[in-house]
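For the record, the sequence lines run as chains A and B. Just so you know, we're using UniProt numbering here: the first sequence kicks off at 1 and counts up by one. Just so you know, we're using UniProt numbering here: the second sequence kicks off at 1 and counts up by one.
In case anyone wonders, no lab produced these hints; they're calculated from the structure. Just so you know, these numbers come straight off a predicted model, no measurement behind them. Backbone N, C-alpha and C define an ideal beta-carbon position, used for all residues, glycine too. Treat each hint with caution, since some may be false.
Incomplete in silico selection of chain A near chain B, CB under 10 Å [said to hold, decoys possible]:
1) Gln18
2) Gln26
3) Leu30
4) Ala32
5) Gly35
6) Ile136
7) Pro139
8) Leu140
9) Pro295
10) Gly304
11) Thr308
12) Ala309
13) Val312
14) Val317
Using 20 Å as the maximum straight-line C-alpha spacing, the simulated SDA-like pairs for lysine to any residue come out as follows [what the hints assert, rightly or not]:
15) A:Lys3 / B:Ala330
16) B:Lys390 / B:Ile377
17) B:Lys3 / A:Pro333
18) A:Lys428 / A:Glu239
19) B:Lys390 / B:Val380
20) A:Lys428 / A:Glu289
21) B:Lys3 / A:Ala330
22) B:Lys3 / B:Ala24
23) A:Lys390 / A:Asp238
24) A:Lys409 / A:Ile377
25) A:Lys345 / A:Asp372
26) B:Lys390 / B:Gly361
27) A:Lys428 / A:Met240
28) B:Lys428 / A:Gly278
29) A:Lys428 / A:Pro399
30) B:Lys345 / B:Ala402
31) B:Lys3 / A:Ala331
32) A:Lys3 / B:Pro333
2 protein chains.
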Amino acid sequence: MTKPIRVALLGCGTVGTQVVRLMAEQSRDLEARVGAPLELVGIAVRRPERHPDVPQDLLTTDAQALIDSDIDVVVEVIGGIDPVQGWLERALEAGTSVVSANKVLIAEAGAALHDIAERSGADLYYEAAVAGAIPILRPLSESLSGDRINRVIGIVNGTTNFILSRMDETGSSFAEALAEATDLGYAEADPTADVDGFDAASKAAILAGLAFHTPVVASDVYREGISNVTAADVASADEMGCTIKLLTICERVGEPGDEAVAVRVHPAMLPRSHPLAGVGDAFNAVFVEADAAGPLMFYGKGAGGAPTASAVLGDLVAAARNKVAHSLGAAVPRYAELPVRPMGKTPTRYHISLDVTDRAGVLAQVAQAFADNGVSISTVRQEGRGSDAKLVIVTHIAPDEALAETVEKLRGSEIVHDVLSVMRVEGKVQ
Amino acid sequence: MTKPIRVALLGCGTVGTQVVRLMAEQSRDLEARVGAPLELVGIAVRRPERHPDVPQDLLTTDAQALIDSDIDVVVEVIGGIDPVQGWLERALEAGTSVVSANKVLIAEAGAALHDIAERSGADLYYEAAVAGAIPILRPLSESLSGDRINRVIGIVNGTTNFILSRMDETGSSFAEALAEATDLGYAEADPTADVDGFDAASKAAILAGLAFHTPVVASDVYREGISNVTAADVASADEMGCTIKLLTICERVGEPGDEAVAVRVHPAMLPRSHPLAGVGDAFNAVFVEADAAGPLMFYGKGAGGAPTASAVLGDLVAAARNKVAHSLGAAVPRYAELPVRPMGKTPTRYHISLDVTDRAGVLAQVAQAFADNGVSISTVRQEGRGSDAKLVIVTHIAPDEALAETVEKLRGSEIVHDVLSVMRVEGKVQ
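Using the sequences and the hints, build the whole thing.
Okay, structure coming up:
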């Protein structure tokens, strides 16, 4: 019989439990696909008594000793930086391949971990870290490796997408929709990582790094969450035939010779005709634009134990196959070393709804405020409302700071009674 | 300098021309990703004078001599079985890796070619053979290799999708929509391969083989084209909130212990709410259902020179990387050896519109015809039309032959004046 591939599992929460189940249920299929049996040697957890549903003899509290016990592939589903980073570095240094679902660690230390993996001849895979079950990292780094990717736009956080979908459907406030998400288990007790965009920012860094062959970390990512999105914003979007999504946008910007990458996470109005606009509830989708391939979209479940475990097992099979064949998966070249463009210099478009004094010359004054900042206006809609008027303005593309400064100037203007809604816009809107 | 990877290109039509262009334009990026420069050593074509736009010194009419000139990767974009199969077999036997966009050959001889590749330690990749630019084969065989795929439903032929989209939008006949597709260059002068479903059947065989780890060839695929789809079918579909698509369906059928695969290509009614229903014009999409991952969808351009070349180059980079690393990509295990279930025994559902005599007892007689064949009815809608009535019936799932026999029996019945529309149904309809 072929020598088994020895697997250590670090962590046994929602995802880990499913990994254990699927490894057992599909052991014969996995063996046929790998070319050797997969042997789960141990499961490192902090409190074994909390894990009654997995084989008890596999549980250990000593992750380090488990990693050191002649393991071929370490599967990590704990999350966070410490103490996981040290464990995975030590595993990779010993030539043990690593499969991780840890977006925070990969976004922070992915480049360093890849360096160790490359030096010691180990694989490092983390498909589960971005968009759960959706195969997106392998397509980006392998299928599209002969193409030039220009943009990756994704909905990669299910919690915020659920909240925004509810606000869109019911007209509810952010607080109401968040409460509903918490009740249904879509939002955690402390929802900060999701609603403030930290989770999406980690995923953005990973996507941008692979798409543009350049090192990007989470702190390079401009990040704005959804807690300031109001029912008025949602209504304004609807009037324009748009919906609001928390978008993860990674793009090449600048002219040849002055190329950079811009990576950002923020809510944005998106026309309902855009393929991403129909992605509802806790689903995820990633839209990719490449020179030769054109537009591509990948859609599926972005979270949950079984979907995430599917991605983990796909990586585990790949790492195990390579161990059997004494080969290695594709490296992740970061040769491009493109600089990261700060948000202020990144080209965006704004939608701005203003409550203004309804008298002749007001539009001219407002338009002048845009012109002063070098911002060109795409469309204006003016609606009289008694002594006030409502102005709905969509700009052309301009540096984000010029747009933000224009909004600040308008806020301070005596003719502007209220700024009703300010929201960036993606895609073609009327 | 690292030794270059020597590449031979067989064929230089729409796709080949783009491969040459992209290899030249992106040579520095490709070199960085591969870890060695890619050197295009020669382009084998039948008539060099027809290719004024590629470097003339690379053109040769002697494909065999080119393949034999110490090549690392052969890229084949000619298509068809002869003489290509012999060339690719000889290349693989010599340990030369092969990248092919040839769906006909892979559907017919993929297993044999993989056997040679495995014996001689060469790679065989063909992402471009199915759904153009959409990364679908690598996700199926690698990303989902730890999961159990139950179903793959795709729109993988752009010509027929364009024709059906036009029929749906304008109410035109098949002949009119085909003429429009021909005028616009979406259909070839001889459209048989597309409209009769041969192209989709080849792709179905490739998808099923990878999804179910089982050998499937094009002749295993049940195939029905779109030339019999009428404006009446399209109108009937619309009344049910459906559109008609030429679907490629690969699925596991049967109980454990009696498992099989069913692979079929035929037009079907699909509810407009289904993710595939919105795939218009010449776009392709593939919907995958897996046990743990749940539903996944992949969307993009299914044909055209540049999109297909993107997929070819992705494979070329993978094969070249492996040459540099002296390693091999994942094998394509076909261990499952599941039998292919004939269409008659495959579970399907029908929509049937009948023009019947409008008198008491007719519905009972029609219902009895279904019952006699063991077919259970899901919904019936009855509309009086003067002395006639129209019956619109949607069945529950039954073996296809039981449904087909019921239709035949109804055709011969004296109470049925006319069979207005018969169409299989996928997804949930009312």
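Any hints from earlier that this structure breaks? Give me their numbers in increasing order, please. Hint check: nothing fails, all pass.
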